[in-house]
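Chemist: This is what each chain is made of:
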Amino acid sequence: MTLRPVLRQLYRSESSLAAALRTLARRHAAEHEVHHVARDLARWSEEHLAELAATGERRGLRLGEAAPTGPHPLVARDDQLPGDGLLTDLRELHREIAGVSVDWELLAQGAQAARDSELLQFASRCHPRTLRQLRWSNAMLKVLSPQLLTS
Amino acid sequence: MPTRDAISDPWGARTPYGQGEQWPARVDASLADGVTAESVDRWVRSASLLHSNGDALDIAVKDGRIAGVRGREDDRVNRGRLDPKDLYAWQANDAADRLTRPLVRDGDRLVESDWDTAMGRIVEHSKELLAQRGPGSIGFYTTGQLFLEEYYTLTAIARGGIGTNHLDGNTRLCTATAAEALKESFGCDGQPGSYTDVDHADVLALYGHNVAETQGVLWQRMLDRAAGADPPAILCVDPRRTPVARAATLHLAPLPGTNLALLNGLLHEILEHDWVDHDYVREHTVGFAELAERVRQYPPERVARICGVPERDLREAAALLGGAERLLSTVLQGFYQSHQASAAAVQVNNVHLVRGMLGRPGAGVLQMNGQPTAQNTRECGANGDLTGFRNWANDAHVRDLARLWNVPEERIPHYGPPTHLMQLLRYAEQGSIRLLWISGTNPAVSLPELSRVREILRQRRLFVVVQDIFRTETAEFADVVLPAATWGEKTGTFTNADRTVHLSERAVDPPGDAVADLGIFLDYARRMDFRDNDGEPFPPWHDAESAYAAWQRASKGRPCDYSALGYDKLRELGGIQWPCDDEHPDGTERLYADGRFFAAPDYCEDYGKDLVTGAPLERSDYAALNPHGKAMIKAAEYLPAHETPDAEFPFFLITGRTLVHFHTRTKTGRTPELRDAEPEVWVEISRADAAAHGITDGTPTVLTSPRGRIRARARVSGIRDGVLFVPFHYGYWDDADGEHDRAANELTITDWDPASKQPLFKTGAAALRPEEGAP
Chain A
1 MTLRPVLRQL
11 YRSESSLAAA
21 LRTLARRHAA
31 EHEVHHVARD
41 LARWSEEHLA
51 ELAATGERRG
61 LRLGEAAPTG
71 PHPLVARDDQ
81 LPGDGLLTDL
91 RELHREIAGV
101 SVDWELLAQG
111 AQAARDSELL
121 QFASRCHPRT
131 LRQLRWSNAM
141 LKVLSPQLLT
151 S
Chain B
1 MPTRDAISDP
11 WGARTPYGQG
21 EQWPARVDAS
31 LADGVTAESV
41 DRWVRSASLL
51 HSNGDALDIA
61 VKDGRIAGVR
71 GREDDRVNRG
81 RLDPKDLYAW
91 QANDAADRLT
101 RPLVRDGDRL
111 VESDWDTAMG
121 RIVEHSKELL
131 AQRGPGSIGF
141 YTTGQLFLEE
151 YYTLTAIARG
161 GIGTNHLDGN
171 TRLCTATAAE
181 ALKESFGCDG
191 QPGSYTDVDH
201 ADVLALYGHN
211 VAETQGVLWQ
221 RMLDRAAGAD
231 PPAILCVDPR
241 RTPVARAATL
251 HLAPLPGTNL
261 ALLNGLLHEI
271 LEHDWVDHDY
281 VREHTVGFAE
291 LAERVRQYPP
301 ERVARICGVP
311 ERDLREAAAL
321 LGGAERLLST
331 VLQGFYQSHQ
341 ASAAAVQVNN
351 VHLVRGMLGR
361 PGAGVLQMNG
371 QPTAQNTREC
381 GANGDLTGFR
391 NWANDAHVRD
401 LARLWNVPEE
411 RIPHYGPPTH
421 LMQLLRYAEQ
431 GSIRLLWISG
441 TNPAVSLPEL
451 SRVREILRQR
461 RLFVVVQDIF
471 RTETAEFADV
481 VLPAATWGEK
491 TGTFTNADRT
501 VHLSERAVDP
511 PGDAVADLGI
521 FLDYARRMDF
531 RDNDGEPFPP
541 WHDAESAYAA
551 WQRASKGRPC
561 DYSALGYDKL
571 RELGGIQWPC
581 DDEHPDGTER
591 LYADGRFFAA
601 PDYCEDYGKD
611 LVTGAPLERS
621 DYAALNPHGK
631 AMIKAAEYLP
641 AHETPDAEFP
651 FFLITGRTLV
661 HFHTRTKTGR
671 TPELRDAEPE
681 VWVEISRADA
691 AAHGITDGTP
701 TVLTSPRGRI
711 RARARVSGIR
721 DGVLFVPFHY
731 GYWDDADGEH
741 DRAANELTIT
751 DWDPASKQPL
761 FKTGAAALRP
771 EEGAP
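These protein sequence lines map, in sequence, to chains A and B.
The letter at position 89 of the first sequence is residue 89 when you use the UniProt record's numbering, and the numbering goes up by one with no holes.
The letter at position 372 of the second sequence is residue 372 when you use the UniProt record's numbering, and the numbering goes up by one with no holes.
Derived from the structure by calculation, the hints contain no laboratory data.
Backbone N, C-alpha and C fix where the C-beta goes; we use that ideal spot for every residue, glycine too.
Errors might be hidden in some of the hints.
[Said to hold, decoys possible] Here are some chain A residues the structure puts well away from chain B; computed CB gaps all over 10 angstroms: (1) G85; (2) A111; (3) A139.
[What the hints assert, rightly or not] Derived list of chain B stretches under chain A, where covered just means 3 residues or more per stretch with a C-beta under 8 angstroms from a C-beta of chain A: (4) 133-140; (5) 424-434; (6) 485-499.
Required output: the full structure, derived from the provided sequences and hints.
Modeler: If you want it as structure tokens, here you go:
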């Protein structure tokens, strides 16, 4: 099946995102909205993972083995921003989500080309949630940054 | 003496009336001992400042003091009636411990001072912060209990004078979700319905709205319909067996935190049975298909499981809503202060949109307010929006406001939504806000997780100004305390939950050196020497009437249009509903009667948010979704609450209100009849839970949560199993032992609805046990 690589990639990136959201929630427990909403959003990613795993299994693909082994998500590469790492982490999270969004896009495109309507439907169902996650991380950056950058 | 003992008889005698008839008048009054109606020197026009109902009344003046109140028979809101708080709490104006002098901090004490010293300290601190840290270091936290003129002035000072984005009201705690739900569905704040819808409805649906205790006179109107010919069916949604639940045709008691699932289930049934006005949906709304797809996932079997409500009751409730010909829905804190608040409140709007139940007699929505002047906090822009329901994200609206104020556009912050209270508190906690000016509210009792709130207010680096009429728990943290005048001692207007505006005139002098909030704000502006583009003092107005005239210009052409509603008209006619402009000189009873909304992209107050994540939408998203400014049907998925009971904390805890008290009892706790009717905090527990814990009525108990611990006597009640209720009114000013073991908010969680930013006082976990040594 030609779409295996993109499914593997998606599973990896969505796993990493789920972990990133959990890390963000834990690390910024005193930022209550970030803390609570990040956990809600992590649940979406975890549901996606469960569905991805089930989809893979039906296609003879054991996606659980593709879990990330690389560096822990939200390891700050550039901690120059003020705000106790919050802006840095949100910025990094935003990039993670953007990556996942691209992977859903790739899956949808591949599924269309392969005329795989099951995968196409799957991607169309899940991708909007990723876009909502992306909108959220962008919104939190936009709302919180003016105060944190000027204080 | 009052015309009735309103403690034992809170709602008075029935005056039954039938569907479509006018509600009969009944005049309630209360006068000080020894004073008769004939011996009163003057009657002064006003309305109640103790809840959001706006009961019109006259203040009796005898020998220069307030000597009682009498309901105004001719007013559309109450037709003469008064509730227990109205009848008694005027006495608190004369309480012996009113603040009469400014206080300033001297080490760990507050000492009496004078206005020059107190204002001098505030101004010195403000100027220093502006010079060193900029406008973002100053924040204002106001209330839902000042007058319109005062909010408008404070807003002008904060946004147009200082240029800070940090201004919010305690309306965030009571009414933010009402505003958000209206903006999400209709593009703009503004109550669609009218109290007169009670006169016409055949079904009343009350969602988390214990109207019998929060708006006693509106409840009397409902009781009178229920006692007359063609009584309406009443649907009550509340985990407690409230007076409303007892009078209801059908009572649903969902588990805390599941309101959205419940509403999705009701909408599922309404769509499944096609109780849908397809013409209305097609002509006046967008988004129906998304709702249909979403609620398909909420069949009654699933919803019954989530909410802990019998499937049969769900189907019956949906049939009531689906069969109604004139449906009036009301919503309050049971939804607004609970998990997924905005999403759930929006689904109530959706019921009306899919059923075409808007803008005609009996067919309306009342997204209620808690506090008496909360509506004005919102209209004036002191509650997270710009003045006159302008849209902070619409540059043309900001430009318009800057032109109106004659200040530079860039001085009005609009790079993001105005800072909401809980974020403002966080900035203070982090040290980026260094001056917090608190007017007319008591966060040291009313905010969640009080140990955290006290830590924030106690910081030495935070300069706290408290402007109030009593030395509240919050005042103890202040660097400067300013004594304010209150209701009956100042003139101004305010607007109730159904857009009825009343004028409240000064009847007596304030005590000592106390000054009206308007005077305090204007004094600050003059001492700060704020100037407009022409170098003239800003704001340019100088008293209540000139502030109101400025507001009339600011509101002209906006949905909340007051332009044809001057003081003279309010004096002549009494309560009038906005919009009141040249086209509608007598006001407007119902919004959206013609199926037209304030939702056009260029006109709307808000582009909306993701109801689950709270992320704001951009203008382009909004315009694509709703180019023609129709009403928006927005669907949302249910998520489990963020904190649910577990082995250590096995109960859901909800906090709330009681009939005889208001907020933190600053006035009602100083009113003998009200104070003595409910002198102490209590906890309500179900019969089964009480039995399981060896608790009976009156047992002293200890409640704990992950945040704190309080003590309260048990009241075994009809609350649903697994849920505890504690009233939030009780703090520490009249509790001598110095322990923080009385306020419900010692226990509550810091969490808020991501869309409305309203804190969740009704979705947390707690444990309860009999106090050791208790019998």
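Chemist: Now tell me if each hint is right for this structure.
Modeler: Now the hints, each set against the structure:
no.	hint	verdict
1	G85	holds (13 angstroms)
2	A111	holds (21 angstroms)
3	A139	violated (4 angstroms)
4	133-140	holds (count 4)
5	424-434	holds (count 6)
6	485-499	violated (count 0)
Consistency with the previously given hints fails for numbers 3 and 6, ordered from lowest to highest.
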